[in-house]
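Residue numbers (the numbering used here), protein chains in the order written: chain A, 37 to 518; chain B, 1299 to 1517; chain C, 20 to 224.
Hints are computed from structural coordinates only; laboratory data are not their basis. Check before you lean on any hint, since a few could be wrong.
[Said to hold, decoys possible] Covered stretches of chain A (chain B as the covering partner; in silico rule of three or more C-beta atoms under 8 angstroms from a C-beta of chain B):
id, stretch
1, 280-292
2, 310-316
3, 451-460
[As the list claims (entries may be wrong)] Just the calculated beta-carbon pair ranges, DEER-fashion:
id, chain 1, residue 1, chain 2, residue 2, range
4, B, Leu1341, A, Asp98, 44 to 54 angstroms
5, A, Met484, B, Thr1313, 33 to 43 angstroms
6, C, Ser178, A, Met484, 46 to 56 angstroms
[Stated by the list, open to error] Sample of chain B residues facing chain A (criterion: CB under 10 angstroms; computed from the structure):
id, residue
7, Gly1318
8, Ile1419
9, Trp1481
Owing to the predicted nature of the structure, the values given are computational and were not obtained by experimental measurement. Ideal placement from N, C-alpha and C gives every residue a C-beta, glycine not left out.
Below are the chains, spelled out letter by letter.
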Amino acid sequence: MTSFPAPTPSAQADALDRAAIDASCRVPVLLFFASANFWLFFGSIFALLASIKLTNPEFLTDSAWLTFGRVRPAHLNAVAYGWASPAAIGVAIWLMARLCRAPLRHARILIAAALLWNLGVAVGIGAILAGQSTSVEWLEFPSYAAILLFIGYAFVTVWALLMFRERRPGHVYVSQWYIFGALFWFPWLYGVTNLMLIVWPVQGSVQAIINWWYGHNVLGLWFTPIAIASAYYMIPKILGKPIHSYYLSILGFWALALFYSWNGGHHLIGGPIPSWVQSASIIASVMMLIPVIATAINFHMTMVGSFSALRTSPALRFTVFGAMSYTIVSVQGSSMALRSLNKITHFTHYTIGHSHLGMYAFFTMTMFGAMYYIIPRLVRWEWPSAFLIKAHFWLAASGIAIMVVSLTVGGVLQGLELADPKIPFLDIVVRTRPWLHARSGSGAFLFMGQLAFLLSFILILLRAGRRREGPTLLGDAASRRS
Amino acid sequence: MDVAKAHGALLREHTEPRDGAAPVPLWLLTFFLALAFWAGGYLFFYSGGFRGDVFNENQIAWGYTPPSAGKAKDPITLGKRLYVANCASCHQVTGLGQPGVYPPLDGSHFVNGPSSRLVAIVLNGVTGPLKVDNTVFNNNMPAWKGLLKDEQIAQILTYVRQEWSNQSAPISSESVAAQRAKWTTRADPLTEPEILAIPTEELPGAASASASPAAPAAH
Amino acid sequence: MNRAASLFLGIFLTFTFAWVGLVLVPYFQFGRVTDLVSEDTGQTLPPPLSGLAQRGHEVYAAQGCVYCHSQQVRGETQGSDLARGWGARRTVARDYIGERPHFLGTMRTGPDLSNIGRRQSSAEWHHKHLYHPQTVSPGSIMPAFRYLYTLRKIAGEPSADALHLDGADAPPPGWEIVPTPDAKALVAYLLSLDRSYALPEAPTD
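Only chain A is shown next, with the shape it has when bound in the complex (with noise of 0.2 angstroms):
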């Protein structure tokens, strides 16, 4: 494989630099992750809850908090708000640093801003829960809970220029274009909608417009990047070799930035928005086939001679589990855009199966992966236990197969039954309950594997367990690098 000559410094030197980056990230990356997994364990609660109200809707309803309404959307702003976002704050952070190859100054802005944005998360759940929800779905929080989170994330941003210029001169990575990216369009996707939605409302059919803008690309300009910023550093680093090729990097990232950017229109396709607006998304989403194959050939080309090293390493497990369900989730979220199979998809549990797909298989498993690898470099510890990574990792990616399965093909048969306007209404009600029972249940497997990292992480902070020379391996190590 032709490759950019490699620096050659001393490894010594080298692992010196690495050691005190580190070192600096501690304070702020281990808050960052903690908090992500606090939220993680409460919106994993709401979900919980909601998915049982579907099939029992007796269950827990005499209280106006935990109603199915304000449940479901509890759980989707603790995971995006709670637990995604600070998640991929801490990775963007660590990612940063090491690719500035300079240590991590400015704590103090960052630790105010884990502090504010949890701060936020919390009054945010707690006024969903007490009925002043927004109901403008992925913009629940009330306005003086969203500034808490807007002030949080400009401190990230600004602190993220600030390490850029204190940076060593050099090659800008292809990770680093990506959290450059996310970390500008992110504050100005969430400012510019909570402004025209939340505090001067704009006309009701561009509301929606708006808000479906913000929906998706909360996904596509905010956590995929970091996901995909991740995987660009993990893949190589761990299998030291170089990516594959820089062109395609290239390639992927401004496809990316100009496409994903117009999607959003397609989640109103036959809705009360004009012809064009709808077709201009779906092309969009179309067209985003364009950065997804060129990231999946990049990732694949790398991987290609060591995909037994899948066997060994967490952190390369998860990622490539992640990078992998990227492209699925991406070609799968192309075609929902088409008119002819988003008017079988649309409105049913369908579109919930592909934003768990998204949501999960791709970008939390990847973070994961991140965390495997970050985490026991900040607390100079390994891991306490490879049963506990190999339990989350099985029961992670079952129950997230699961979930996928049986919400894609009970949401095709719901759809192919609403489609039929001879099947009374409540008929479809009743014939979809077996698939949301199999979904119940899938999600709590993905409950128990995140036990199993909460205690894996809680263990590892406390440096609970022996001192390991090496690293916490999964299999039998033909490589000995993780």
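Following the hints, put chains B and C in place on chain A, whose structure we already have.
Only chains B and C this time, still in chain A's reference frame:
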């Protein structure tokens, strides 16, 4: 800091990631160009001329001006449309209702019976138990006199009386108007005894309905 | 790509392009359409909500109804919405000019509610349904909203708006179940949902 004290993971780590220089495959570029071509075509055919008031994706609206609305005239078509929009959520598109909850219209002796009762039911609504084809239903039907015009009620009932297995005579908007005049002061929905007390009078325009099954005299 | 300036410029321009195209252009093109007066009936279309229904709109938001119920009717080419009787025509931008927030929704765990006020025009039905959905819609998975109703002792005359409930839901003798102001507002809002009037861009026939 001493290297020996540094965490072991750092020493076994590879250097920071680097870029390979493999070229972008030609077939991939070809595929991407084909996608771009498709996108241009799609935008031409499905953009509604980029107008803000064109919602139907199949309307190719380059240089389009909104038409003055033309009207469909066939009463059965109009009746079906109104039935689907107003009645089908309970009585269903199939006219079979929902067992035990909403009574069927297909083959019902109220639908095919005397038109005076049928029109009165639609105008005023029903409350409480009602026996339809040997099954007692206990539910509420809303009054439609405030929501639908005489012409619309006549179209719906004409459709209902000739759809599925029903083969009864049409109902004219004049006869609905005449019935409406009788019920103007009535505010509450009808009960079963009140419905059965209505004379089994055939309204004008429904003369041939005598061939249809008659309502039972009592239940 | 080592030039930070071109990286930042590209990140800025791609996003600006989408923001202008997908947000600002729609806002100026159809984000300021107005209501109109029907030539036939002299009615303002869409009809403005009453104060009570406006309050009900807030109750609808607070309970999160939008997570299971859409309020948009698609045209003939996209699904069976019209054939199912969820509307007399597709809904268009003008139908929603008074909606803040919008309740277009993305799920149909329950049926579309764009025209529920026309399909179910009885307040009594809505109260029974909210209090115990399965009594009027067997097999429904909608949660009960009993917390929007009050059980209270009858003092003097029974209340005019007490619910007529049978079976296990019936209150003990001497007691009655009455809707809270929130429940009344919610039902007023549901009854106001009737988008069956014709608009120039969306004729009904």
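Each hint tested on the structure:
{"no.": "1", "hint": "280-292", "verdict": "holds (count 7)"}
{"no.": "2", "hint": "310-316", "verdict": "holds (count 6)"}
{"no.": "3", "hint": "451-460", "verdict": "holds (count 3)"}
{"no.": "4", "hint": "B:Leu1341 - A:Asp98: 44 to 54 angstroms", "verdict": "holds, 52 angstroms"}
{"no.": "5", "hint": "A:Met484 - B:Thr1313: 33 to 43 angstroms", "verdict": "holds, 38 angstroms"}
{"no.": "6", "hint": "C:Ser178 - A:Met484: 46 to 56 angstroms", "verdict": "holds, 50 angstroms"}
{"no.": "7", "hint": "Gly1318", "verdict": "holds, 4 angstroms"}
{"no.": "8", "hint": "Ile1419", "verdict": "violated, 22 angstroms"}
{"no.": "9", "hint": "Trp1481", "verdict": "violated, 31 angstroms"}
In terms of the numbered hints stated before, the structure departs from hints 8, 9, listed from lowest to highest.
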